[in-house]
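Could you use the hints to bring the two separately framed chains together as a complex?
Chains A and B are the protein sequences, given in the same order. Note that this note's numbering numbers the first sequence so that position 39 is 39, with each residue one more than the last. Note that this note's numbering numbers the second sequence so that position 48 is 161, with each residue one more than the last.
Please keep in mind that the hints were generated in silico from the structure rather than gathered at the bench. Please note: incorrect hints may appear among the correct ones.
Simulated crosslink set (EDC-like; lysine to aspartate or glutamate; CA at most 20 Å straight-line) [what the hints assert, rightly or not]:
hint : chain 1 : residue 1 : chain 2 : residue 2
1    : B       : 155       : A       : 24
2    : B       : 155       : A       : 44
3    : A       : 40        : B       : 115
4    : B       : 218       : A       : 84
5    : A       : 40        : B       : 158
6    : B       : 206       : A       : 56
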Amino acid sequence: ETGVTQTPRHLVMGMTNKKSLKCEQHLGHNAMYWYKQSAKKPLELMFVYSLEERVENNSVPSRFSPECPNSSHLFLHLHTLQPEDSALYLCASSQDPRGTEAFFGQGTRLTVV
Amino acid sequence: EDQVTQSPEALRLQEGESSSLNCSYTVSGLRGLFWYRQDPGKGPEFLFTLYSAGEEKEKERLKATLTKKESFLHITAPKPEDSATYLCAVQAKTGGGADGLTFGKGTHLIIQP
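Here chain B stands alone, though its shape is the one from the complex (with noise of 0.2 Å):
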């Protein structure tokens, strides 16, 4: 069965502080892995896909990278409006057919100013 833990499930930072969100997976093939992020009462929205190890994406203060068994998503000078819930998801490679998204609980992120 896939899974995916993320940590830690809540961090408060100060305005300009980095720092870096953990995504742990179990996974019999991995097709991808997906960062999100989502605003209270919102759907989540889309930040970075990653395929395969050693991968990296980035935008504005955010970076993602991949492992074999972990994703980081890191946050530089992270600003007051950076604050959300990020989470992770991993797609498997199964024999066929569609597959939908294995989701964490996602790391609740404040930035205070």
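Bound-form chain A, shown alone (with noise of 0.2 Å):
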């Protein structure tokens, strides 16, 4: 069982719905993250969280939300999203945010129809 789980693995939706990607990290760490990989491009960072509270946005849209209630949970709220907001989303957590290795959850493949 990995240490970061994400659910649901697979959605399908369409522009006009609301959504919500759930993480939970099972390792005690202090920070946690939302990735998004995309077919042929690099991961690219999208939120941090340490110790619930969000210190980056990586100007992201505001039609994807965060939300990290606690230091084990993470949430990223979808709503009127693009066909090309269809990707890989990501989640990690790491122990310390500066310096120490992030371990990923298996990703929710997310298509926007």
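Below, the structure is given as structure tokens:
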């Protein structure tokens, strides 16, 4: 069992829908991240949370809204997405937000139709 | 702006044929360089962290090295199960707060039996 669990694994949504991605880490880490992985592009950092506070937002459109209710859970709320938002969304956690390795979940494959 | 360039983009080897993957980076100040392995449809799996030039890490058939400008992932006598995409990422030293990783596009490695 991976230390970082993401649900759902696959999601198909229309452009007018609202959905949420969930991430849970069982590693006792203090930082959590959302990354986007599109075909032929490097992983792109979206958001960073350290001790439940958002410390970085990499110019992500407002149709993506993160939420971190506690140090073990992270959500990504989605609304009015575009087809180009279709990608693999990866959650990760690390013990320390500075200089320690991040551990990734299996990702949510999102398709916007 | 931090940049990571990996080469080659794809590499096909025969089983037992050793080779090296390259990761060139540009960063204002390196906090850490990370290697990951990613299988299709899955999240990246952590392999190594390197912090300073001259450092080396080994794990089974893999050995990672670091200089001030690049890192190499050496694969010795690879097996078909080593087939995957290998990702390199850097974390920069910044003024404060938490920082995510800047990734390269990866090297897609295929080991033929």
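Results of checking the hints against the structure:
no. : hint           : result
1   : 155(B) - 24(A) : holds, 16 Å
2   : 155(B) - 44(A) : holds, 16 Å
3   : 40(A) - 115(B) : holds, 19 Å
4   : 218(B) - 84(A) : holds, 19 Å
5   : 40(A) - 158(B) : holds, 19 Å
6   : 206(B) - 56(A) : holds, 15 Å
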